[in-house]
Amino acid sequence: SVRAFNRAPMKSVSLKTLPYPGFPTDVQPQFTAFMATTEGTGIIQESVFESRFLHVSELKRMGANIELQGNTAVVTGVPGLNGADVRATDLRAGAALVIAGLSSSDETSLFGLGHIWRGYEAMDEKIRSLGGQVKIVVSEENGDHKW
196 SVRAFNRAPM KSVSLKTLPY PGFPTDVQPQ FTAFMATTEG TGIIQESVFE
246 SRFLHVSELK RMGANIELQG NTAVVTGVPG LNGADVRATD LRAGAALVIA
296 GLSSSDETSL FGLGHIWRGY EAMDEKIRSL GGQVKIVVSE ENGDHKW
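If you're matching positions, the sequence shown starts at 196 in this note's numbering and goes up one per residue.
No lab work stands behind these hints, which were simulated from the structure alone. Any given hint could turn out to be false.
Unchecked claim - List of simulated lysine-lysine pairs, DSSO-like, C-alpha gap at most 27 Å:
| id | residue 1 | residue 2 |
| --- | --- | --- |
| 1 | Lys-330 | Lys-255 |
| 2 | Lys-211 | Lys-330 |
| 3 | Lys-255 | Lys-211 |
| 4 | Lys-321 | Lys-341 |
| 5 | Lys-255 | Lys-206 |
| 6 | Lys-341 | Lys-330 |
Here the structure is a predicted model, which is why all the values come from computation and not from measurement.
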């Protein structure tokens, strides 16, 4: 097994997505969620796909300080994220919101789980095996699943 922990605050970085072997665009949303709680300000430039920042509005609902400028996100870290009701708009945005929800100070309800289930097998079980608290609930309003 691997144990990971940090003794000092994580620092922001700046990066640009690129085709292989550069920084992968598929990891950019998850890295944006991670950077939302780092110390300082980092810049993420998306150079592979347009409209790859759909997760930002949901992260902002959780208290993230992110400013979009075209294909660039300026991420200023905050001490912590707040729980909120958020919706996954695609697979990678869903993974980013899972990361944000697990690091939030309060309960987060994540809707649109179909995106996550399409790409991550048994993610809820894997999170639980690492000590995370997740529960799948069927919404009484519309039958949508949420965490």
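Checking each numbered hint in turn, tell me which of them this model violates, lowest number first.
2
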